[in-house]
Amino acid sequence: MQVKFEQFAATSMLGSEDAPPRSNGELLFQRPWEGRAFGMAIALSKKGHYEWEDFRQGLIASIAEWEATHCKDDPDWDYYQRWLLALERLALESNLLNPAELEQRTAELLAQENQSV
Amino acid sequence: MTENIDRETYSAARVRALESLLIEKGIITGETVDKVIEFFEKDMGPFNGAKIVAKAWVDPAFKQRLLEDTPSAIAEMNFPRGMAGAEGEHMKAVENTPAVHNLIVCTMCSCYPWPVLGLPPYWFKDPTFRARAIREPRKVLQEFGLEIPESTQVAVWDTSAQIRWFVLPERPAGTEGWTEEQLAAIVTPEAMQGAAKVKVPA
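Residue numbers (this note's numbering), protein chains in the order written: chain A, 96 to 212; chain B, 24 to 225.
There may be inaccurate statements among the hints.
As the list claims (entries may be wrong) - Derived DSS-like pairs: lysine-lysine, alpha-carbon spacing no greater than 27 Å straight-line: (1) Lys48(B) - Lys142(A); (2) Lys222(B) - Lys74(B); (3) Lys65(B) - Lys141(A); (4) Lys99(A) - Lys222(B); (5) Lys115(B) - Lys99(A); (6) Lys78(B) - Lys162(B); (7) Lys167(A) - Lys148(B); (8) Lys78(B) - Lys99(A); (9) Lys58(B) - Lys99(A); (10) Lys222(B) - Lys148(B); (11) Lys115(B) - Lys48(B); (12) Lys220(B) - Lys78(B); (13) Lys74(B) - Lys99(A); (14) Lys58(B) - Lys48(B); (15) Lys162(B) - Lys99(A); (16) Lys65(B) - Lys162(B); (17) Lys220(B) - Lys141(A); (18) Lys162(B) - Lys148(B); (19) Lys74(B) - Lys86(B); (20) Lys141(A) - Lys58(B); (21) Lys220(B) - Lys99(A); (22) Lys65(B) - Lys220(B); (23) Lys142(A) - Lys148(B); (24) Lys142(A) - Lys65(B); (25) Lys222(B) - Lys162(B); (26) Lys148(B) - Lys48(B); (27) Lys162(B) - Lys58(B).
Quick caveat, the hints were computed from the structure, so don't treat them as lab data.
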């Protein structure tokens, strides 16, 4: 029985609190960066940089951190913010990049953004 | 709302920073990420099940094969590799008719055949929903806006590792002469769960 990694990864989240938002049976990405973050997390695990279960546990933890300090119906709740946090933590933990370069690149991109506005 | 706009700009930049660094280091390529997203958007999803339903509506011989031997009928569909084998293996189609309306629930949602039916909605896994769907399916369907006449039997099927059920909904009136493509476009994931009927868009 051959299951594609993407299928395994998505199936593992079904019915759990870390399941991604969906609409009409398909994944729901409301902003382009959500899809990139989603794809990156799966791609890195698929390539063997970390275990998928480790990502899931990181995601569940980052969701729990939000829930510990916010009301359940807080309108600022954002699933992919939690996803992104779990992704960057695990990428750093797995030594795929270092915190300094991530901060620097983010700052550069934000500066470019400000210039173009 | 400035805080939210800032958070938005920051998140977009953060994702780009991550991806660009990982690409520069040769850890991933942009195409790797594209492929993952494409898999969910083009290969696996409710559009597969919709094609099966549409084919069954226009081709009575296919419909018969689908109901008698669902996996081999699905294998005829030329879906992306992996699907018929992994998820299609234990699939079983049940047909909605004036005599019986079928509803699917799942205890083990990890067995839900989402590559065909689409990702299940949140309420689907809810134990209360499942318990009520089994105990009082007519009432649950009523809450979904589906009035099932007393003369129609309601059958509830629990998807498990052994059998992954899917509903072949009734073809709506007013679709005579439609192509398979046109028909597939109106089949929803809910209809393939038995939680809705297929409707012709007004």
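Are the Cα atoms of Lys78(B) and Lys162(B) separated by 27 Å or less?
violated, 31 Å
Is the straight-line distance between the alpha-carbon of Lys167(A) and that of Lys148(B) 27 Å or less?
holds, 19 Å
Are the Cα positions of Lys220(B) and Lys99(A) separated by 27 Å at most?
Answer violated: Lys220(B) to Lys99(A) is near 32 Å, above 27 Å.
For the pair supplied as a hint, Lys222(B) and Lys148(B), is the alpha-carbon distance within the 27 Å limit?
holds, 25 Å
Below or equal to 27 Å on CA atoms is what counts here, so check Lys220(B) against Lys78(B).
holds, 17 Å
Lys65(B) paired with Lys220(B) [C-alpha distance capped at 27 Å]
Judged against 27 Å, a Cα distance of about 24 Å means the pair holds.
Holds or violated: are the alpha carbons of Lys58(B) and Lys48(B) at most 27 Å from each other?
holds, 19 Å
Agreement of Lys58(B) and Lys99(A) with the hint, judged by alpha carbon distance not exceeding 27 Å:
holds, 12 Å
Given hint Lys162(B) paired with Lys65(B) - CA-CA distance at most 27 Å
violated, 36 Å
Would you mind confirming whether the straight-line C-alpha gap from Lys74(B) to Lys99(A) stays at or under 27 Å?
Holds, because 21 Å separates the two Cα atoms, which is no more than 27 Å.
Just to be careful, I want the Cα atoms of Lys222(B) and Lys162(B) compared with a cutoff of 27 Å; is the pair within it?
holds, 21 Å
Has the given pair, Lys142(A) with Lys65(B), been kept, meaning a C-alpha gap of at most 27 Å?
holds, 21 Å
Hints 4, 6, 11, 15, 16, 17, 21, 23, 26, 27 from the earlier list are contradicted by this structure; the remaining hints agree with it.
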